[in-house]
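Just so you know, the sequences run in chain order A and B.
Each step along the first sequence adds one to the number in my numbering, with nothing skipped, and position 94 is 95.
Each step along the second sequence adds one to the number in my numbering, with nothing skipped, and position 212 is 213.
FYI, nobody ran anything at the bench for these hints, they're computed from the structure.
Certain hints may be false.
For identical chains, the list gives no copy identity; a pair is met inside one copy or between any two copies.
Unchecked claim - Below, simulated DSBU-like cross-link-like pairs (lysine-lysine); rule was C-alpha separation at most 30 Å, straight line:
1) K310 to K97
2) K210 to K97
3) K315 to K4
4) K210 to K109
5) K345 to K109
6) K166 to K332
7) K259 to K332
Protein chains: 2
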Amino acid sequence: MTKLTINSVKNSKIDHVNFNELPFGKVFTDHMFSCDYVNGEWVNPTISEYGPISLDPSARVFHYGQAVFEGMKAYKDENDDIFLFRPEDNFDRINKSAHRLAIPEFPKEFFFEGLEQLLLLEKEWIKTGKGNSLYIRPFVIATQPAISASPAEEYKFMIICSPAKSYYAGEVRVIFAEEYSRSANGGVGYAKAAGNYGAQFYPTSLAHKEGYQQIIWTDANTHEYLEEAGTMNIFFRVNDTLITAPTSDRILDGITRKSVLQLAKDNNIATEVRPVSVAEIKEAANNGSLKEIFGSGTAAVINPILGFKHGDFKFELPALTDNNYSSFFKKALNDIQYNLAEDKHQWRHKVTK
Amino acid sequence: MTKLTINSVKNSKIDHVNFNELPFGKVFTDHMFSCDYVNGEWVNPTISEYGPISLDPSARVFHYGQAVFEGMKAYKDENDDIFLFRPEDNFDRINKSAHRLAIPEFPKEFFFEGLEQLLLLEKEWIKTGKGNSLYIRPFVIATQPAISASPAEEYKFMIICSPAKSYYAGEVRVIFAEEYSRSANGGVGYAKAAGNYGAQFYPTSLAHKEGYQQIIWTDANTHEYLEEAGTMNIFFRVNDTLITAPTSDRILDGITRKSVLQLAKDNNIATEVRPVSVAEIKEAANNGSLKEIFGSGTAAVINPILGFKHGDFKFELPALTDNNYSSFFKKALNDIQYNLAEDKHQWRHKVTK
Ligand SMILES: Cc1ncc(COP(=O)(O)O)c(C=O)c1O
Ligand SMILES: Cc1ncc(COP(=O)(O)O)c(C=O)c1O
Numbered sequence: 002m003t004k005l006t007i008n009s010v011k012n013s014k015i016d017h018v019n020f021n022e023l024p025f026g027k028v029f030t031d032h033m034f035s036c037d038y039v040n041g042e043w044v045n046p047t048i049s050e051y052g053p054i055s056l057d058p059s060a061r062v063f064h065y066g067q068a069v070f071e072g073m074k075a076y077k078d079e080n081d082d083i084f085l086f087r088p089e090d091n092f093d094r095i096n097k098s099a100h101r102l103a104i105p106e107f108p109k110e111f112f113f114e115g116l117e118q119l120l121l122l123e124k125e126w127i128k129t130g131k132g133n134s135l136y137i138r139p140f141v142i143a144t145q146p147a148i149s150a151s152p153a154e155e156y157k158f159m160i161i162c163s164p165a166k167s168y169y170a171g172e173v174r175v176i177f178a179e180e181y182s183r184s185a186n187g188g189v190g191y192a193k194a195a196g197n198y199g200a201q202f203y204p205t206s207l208a209h210k211e212g213y214q215q216i217i218w219t220d221a222n223t224h225e226y227l228e229e230a231g232t233m234n235i236f237f238r239v240n241d242t243l244i245t246a247p248t249s250d251r252i253l254d255g256i257t258r259k260s261v262l263q264l265a266k267d268n269n270i271a272t273e274v275r276p277v278s279v280a281e282i283k284e285a286a287n288n289g290s291l292k293e294i295f296g297s298g299t300a301a302v303i304n305p306i307l308g309f310k311h312g313d314f315k316f317e318l319p320a321l322t323d324n325n326y327s328s329f330f331k332k333a334l335n336d337i338q339y340n341l342a343e344d345k346h347q348w349r350h351k352v353t354k
Numbered sequence: 002m003t004k005l006t007i008n009s010v011k012n013s014k015i016d017h018v019n020f021n022e023l024p025f026g027k028v029f030t031d032h033m034f035s036c037d038y039v040n041g042e043w044v045n046p047t048i049s050e051y052g053p054i055s056l057d058p059s060a061r062v063f064h065y066g067q068a069v070f071e072g073m074k075a076y077k078d079e080n081d082d083i084f085l086f087r088p089e090d091n092f093d094r095i096n097k098s099a100h101r102l103a104i105p106e107f108p109k110e111f112f113f114e115g116l117e118q119l120l121l122l123e124k125e126w127i128k129t130g131k132g133n134s135l136y137i138r139p140f141v142i143a144t145q146p147a148i149s150a151s152p153a154e155e156y157k158f159m160i161i162c163s164p165a166k167s168y169y170a171g172e173v174r175v176i177f178a179e180e181y182s183r184s185a186n187g188g189v190g191y192a193k194a195a196g197n198y199g200a201q202f203y204p205t206s207l208a209h210k211e212g213y214q215q216i217i218w219t220d221a222n223t224h225e226y227l228e229e230a231g232t233m234n235i236f237f238r239v240n241d242t243l244i245t246a247p248t249s250d251r252i253l254d255g256i257t258r259k260s261v262l263q264l265a266k267d268n269n270i271a272t273e274v275r276p277v278s279v280a281e282i283k284e285a286a287n288n289g290s291l292k293e294i295f296g297s298g299t300a301a302v303i304n305p306i307l308g309f310k311h312g313d314f315k316f317e318l319p320a321l322t323d324n325n326y327s328s329f330f331k332k333a334l335n336d337i338q339y340n341l342a343e344d345k346h347q348w349r350h351k352v353t354k
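Chain A on its own, in the form it takes in the complex (with noise of 0.2 Å):
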């Protein structure tokens, strides 16, 4: 293995950055880490200067979305100690990704050193308190520059990273999909494929138009099961159950939702991990029996819905009770990942030199 090198930045941007105000995504730290993908190997693991990369305009991934992606976070605690999530997960999932893509898997120790030593770099932009976060979003792209539509033989894995206020979405209401899909069986839905996401965009600006935040995907076949959202698993509270579809090639399998599944189970929270079908959750609606909607993700962690619709049929949830699964779970999560509450499963990762 390649040694990692490290060219740090003489002076740090952070100073210009309102940290009051931070849109999602948009400010990025002073380092980024890459690595390279040629004659079969992963080679020069470097961390460097945050700045724009030079492609060759046939490079694969601008023609054939040969690219995955993984997002996790970073947080710290009242002794400015740098807590990771599961990042385990992440590792994993981004090499099934880059399998379905046909992309070389990344080597467990580039990848943990890397996103370790950028961490440990970047440790002023992490700000402590709840809901502070360093956004991680690691990536894989195909660089070879040839326009044939085969897999690559070169790739460029890369880690930015970008600071995190609280993640506020605003109200959000969804649609239920009655005619677009976001993913087929035997498809690439399950992966973290550059694809599955631009793909989503026209759909989901058409239920901007309606006054809908976002699309809850229903599957292609019958669009009568309910699947996942954008960037977040779904999960339904009728009465005091909590119901969420299984994960398959269609849907990603969402590293907070494996955790509130778990919570729930710590908790004695009766889950049922099942299809879930449209016409249940709207006789559920008329019935009174349906008490939460909510999404799961690694930006939001939990973020309620507040109402749906499905053709004619529009639905607003009921106000949230002092009971109410949302709060009980990000809060829950929340105090794992800020290390407030004891961490049973070992989701912790402490960050060290």
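Dock chain B with the ligands against the given chain A, drawing on the hints supplied.
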């Protein structure tokens, strides 16, 4: 409309290119066309020396696959006149693709002005003689530096060109897909969206391992209907009838495909445009009525398929007879493309100063 800026190179690199050995899509001409979308409009249409472009690592194309492309060819006749084949259809299609990916449409004048000026500059790269052509790749990528999962506000439109020899894909045998799929109902399969292509690389690599070069994709719901190949539409000749699947939101509306259908009509060849089931093609194979399978697309024009596999069922197509359709359509199309035959439908577009 901003005026096109042309910065032509002093010294062409053409003398270093071996035109007898041209791998597909690896050698590019001296110039490229580019144009930027900023502040709500397309600006700076420029032809300049072919070379790397510089992008922020957070550019949306790397993360969310917001990118579309086209594939077209320029041909030269014996008088050194340059022709395009139905270029308006490529223009319309890139904008149809762009629309689905929430990318702003590109103005027609810019497209044709940029394309034709580029071709005139590169005219030495287009060699006379049937089979020789210049492959043209227009594409649009989201360049805005921000990783929020929403449509970018900045884009780059480019055209790059690669000289091509007569495309011989080698012997092509295909697998009819049973597990993996290319696109979903309500998805982006009909668009030339970058993500559609990278998603096929892995299943195709599995086919390679079994000795098959390509996959014919089937509908994702049932895998019972044959749709298209990775970069070609597919035709079946059963007795003397030519059958192909209708276009849909899952299938690319190929320009070669619709030209074949028109030429069939002009030549009194019976055609059926309707769902084509795997079962009927296997039955036709068994009873001897399946005479030919071929793919149609800009790169190969017409590509005969020699055999197929579906589960345990393997079939070798019969040897092509003198009056085979694939040679007939290939010649008919090439004759129009190279200005060797009457152009009844005004498909040829002469490139003039
Ligand atoms: C499509 C999709 N679903 C769900 C999620 C939530 O996954 P996680 O909880 O691992 O962030 C994400 C975001 O990562 C996503 O992109
Ligand atoms: C998916 C797909 N199908 C079919 C085709 C053939 O289309 P055309 O004949 O316009 O080149 C292409 C290539 O452009 C393609 O990418």
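State whether the alpha carbon distance between K166 and K332 is at most 30 Å within one copy, between copies, both, or neither. within (16 Å within a copy, 63 Å between copies)
At most 30 Å between C-alpha atoms: does K210 with K97 qualify within a copy, between copies, both, or neither? The answer is between: 20 Å across copies meets 30 Å, while 35 Å in one copy does not.
Classify it for me, K259 with K332: is the Cα-Cα distance of at most 30 Å met within a copy, between copies, both or neither? Within one copy only: 16 Å inside a chain, 58 Å across chains, cut-off 30 Å.
Copy assignment of K315 with K4, given that the CA separation must stay at most 30 Å: So K315 and K4 fail the 30 Å test inside a copy (57 Å) and across (50 Å) alike.
Checking K310 and K97: alpha-carbon separation at most 30 Å within a copy, between copies, both or neither? between (34 Å within a copy, 28 Å between copies)
Using 30 Å as the alpha carbon limit, work out where K345 and K109 are close: within a copy, between copies, both or neither. Answer is within: at 24 Å inside a copy they meet the 30 Å cutoff, but 61 Å across does not.
Checking an output row: K210 and K109, CA cutoff 30 Å. Within, between, both or neither? Only across copies: K210 and K109 sit 27 Å apart there, 44 Å inside one copy, limit 30 Å.
When each numbered hint is compared with the structure, a violation occurs for hint 3 only.
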